[in-house]
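Could you build all of it, start to finish, from the sequences and the hints given here?
For the protein sequence lines, the chains are A and B, in the order given.
Letter by letter, the first sequence follows residues 1 to 284 of the numbering used here.
Letter by letter, the second sequence follows residues 285 to 552 of the numbering used here.
Please note: incorrect hints may appear among the correct ones.
Part of the chain B face toward chain A, derived, beta carbon under 8 Å [unchecked claim]:
#1 Leu336
#2 Arg339
#3 Leu463
#4 Val530
By construction, these hints were calculated from the structure, which means they are not laboratory data.
All residues carry an ideal CB built from backbone N, CA and C; glycine is no exception.
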Amino acid sequence: MSTHTESLAGKRYLDDHNPLWSEWRLIAATARTHLLRTFANPIMIMRAPLMPVLMLVTMRVVYSASGQRQIDGQDVVGYLAVGMLATLAWTAAVWGGGSALQSEIYAGTFGAVIVAPGRTTSVIVGNGIGGIIWGIPGLVVCLAIAVPLGAHVDIQHPVAAICALLALYMSTLAIGLGFGGLFILSRQANAMANFFQAPIYLLAGFYVPRSVLPGWLHAISDVIPMSYALDALRDTTLSGASFMAVWRPLLATIGTAALFMAAGVWSLRRMDNALRRRGSLDLL
Amino acid sequence: MSARAYPVSAQLRLMVAAASAVGRTKIQTSGLFFYILVWMTVPVFNLFMVALIYRGNNSLQDYAIVGGAGMALLFGMQFNAGEILDNERQRGTLGNLFLAPVPRYAWLAGFQLFAFAEAVSAAAITVAGGAIAFGVHLAINPLAFVLTLLLFVACMWGFSMIIGSIGVAVRDANQLSNLVFTPVALLAGTMLPVALMPLWLRIPARGLPFGYGIQALVGASTRNASVAALWRDLLPLAGFAVLLPVVGIIAFDRVERLARRRGVLDLV
Numbered sequence: 001m002s003t004h005t006e007s008l009a010g011k012r013y014l015d016d017h018n019p020l021w022s023e024w025r026l027i028a029a030t031a032r033t034h035l036l037r038t039f040a041n042p043i044m045i046m047r048a049p050l051m052p053v054l055m056l057v058t059m060r061v062v063y064s065a066s067g068q069r070q071i072d073g074q075d076v077v078g079y080l081a082v083g084m085l086a087t088l089a090w091t092a093a094v095w096g097g098g099s100a101l102q103s104e105i106y107a108g109t110f111g112a113v114i115v116a117p118g119r120t121t122s123v124i125v126g127n128g129i130g131g132i133i134w135g136i137p138g139l140v141v142c143l144a145i146a147v148p149l150g151a152h153v154d155i156q157h158p159v160a161a162i163c164a165l166l167a168l169y170m171s172t173l174a175i176g177l178g179f180g181g182l183f184i185l186s187r188q189a190n191a192m193a194n195f196f197q198a199p200i201y202l203l204a205g206f207y208v209p210r211s212v213l214p215g216w217l218h219a220i221s222d223v224i225p226m227s228y229a230l231d232a233l234r235d236t237t238l239s240g241a242s243f244m245a246v247w248r249p250l251l252a253t254i255g256t257a258a259l260f261m262a263a264g265v266w267s268l269r270r271m272d273n274a275l276r277r278r279g280s281l282d283l284l
Numbered sequence: 285m286s287a288r289a290y291p292v293s294a295q296l297r298l299m300v301a302a303a304s305a306v307g308r309t310k311i312q313t314s315g316l317f318f319y320i321l322v323w324m325t326v327p328v329f330n331l332f333m334v335a336l337i338y339r340g341n342n343s344l345q346d347y348a349i350v351g352g353a354g355m356a357l358l359f360g361m362q363f364n365a366g367e368i369l370d371n372e373r374q375r376g377t378l379g380n381l382f383l384a385p386v387p388r389y390a391w392l393a394g395f396q397l398f399a400f401a402e403a404v405s406a407a408a409i410t411v412a413g414g415a416i417a418f419g420v421h422l423a424i425n426p427l428a429f430v431l432t433l434l435l436f437v438a439c440m441w442g443f444s445m446i447i448g449s450i451g452v453a454v455r456d457a458n459q460l461s462n463l464v465f466t467p468v469a470l471l472a473g474t475m476l477p478v479a480l481m482p483l484w485l486r487i488p489a490r491g492l493p494f495g496y497g498i499q500a501l502v503g504a505s506t507r508n509a510s511v512a513a514l515w516r517d518l519l520p521l522a523g524f525a526v527l528l529p530v531v532g533i534i535a536f537d538r539v540e541r542l543a544r545r546r547g548v549l550d551l552v
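Below, the structure is given as structure tokens:
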């Protein structure tokens, strides 16, 4: 409970003279709270580095059994390691940003978050950033074992690679924002988070190239910002692509991420209206 | 009141009532639509992913579809049966269940019965989905298939009892399930045959029952393999089918003793 009190304390940092700085402090306080809450659980500490490695190894041996040495012209381990990076980002989108308000409901602090003078969007983004940071140990371990396993890294344009990485994390936060309100409006936030976790591994091309998806699945894949960000990240880190070679997927990432952000703003407004109409802070 | 005071018919009614109660609770909590979404999507989408990786290799695709059903069984038993006790603890009803004047194994068996029905349904849907999307070449030996399934389920029942008991003791069965599921799904051979794994994975995989079970299920359902032909897999599977339930019951008993020693039925 003390961590949630701390989260609310973040909102008290609000400074009327510099609202941007105040919102940033709220985001940072929420991210810190998210991390404290997560790492308070010893099982979560074990999961942070272990699960990504196990998933990477699992997919590696599956590809090995299939006899494939390359995926879409890129080496298998490198392809999967970048897919693992996306998996961790997706986990942050669903269980960090997307489930942020649900977590506040479980903790009994939802009402305080809503009535406090900070933006709800900052709380969602803060949880999303907390989720991204939680994934860093797993990512480091994955990259550490990917190289000895034979990952072939080819970064010829570091700026392009950094842009692609930022696009991936930006889309993570945008999706988290979109889901944050939609999950609550669905009245089944936990079920929604569980549902969305696995299909995206397939649809966004985390482990299987999108080119092998049937047409109707490919159409769904096209509205997921991470699909494009992941394409750009793979091209810039595994094939040495330049910025000019990946500007289209980067632009598509921004466009589709904007749709999720718009959905987030709309759903949070709807949630706010529903709360006022009902005269109750308890939506579930 | 001891278990001896209850006739078998009453215990069976209790078991069915417990299964029905836990089923209604789960479905009514999330609604039928979301319930289906949550419990069916993981195995089905995982199967699609693996089957797409094996595109062009019919033998491995057949394996992936039957292995996908095995994963659905594991998923259902792990995340349902393995979390039953902890869910009751979180709802504040675990103490009432322990205190109820009925045999403990009757309500526990009822909960497990629903978990089993759910897991089998998910497995059937996974196979159906895989067959529709990729086609599967079935050649079933009924006796070998039923025997393998029974032994496999007995193993999973025991395993979920062990994990469930530890989950209550550590007060977070869901995170424990999340932690355990990925390595178990890998070592169980749900996505590729144990024989195709590298040696360092094959050794621990042979220390678990699931790899034998899924290999035997694949043989009995896609190659019309008889019990005699599958003895190398069925023999260790049978050993685990005896051992794991016994260990599971001992683990459950330990949890109960822990509760008595602490004087707190909810273990919180």
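Going down the list of hints, with the structure as the test:
no. : hint   : in the structure
1   : Leu336 : 5 Å, holds
2   : Arg339 : 7 Å, holds
3   : Leu463 : 6 Å, holds
4   : Val530 : 26 Å, violated
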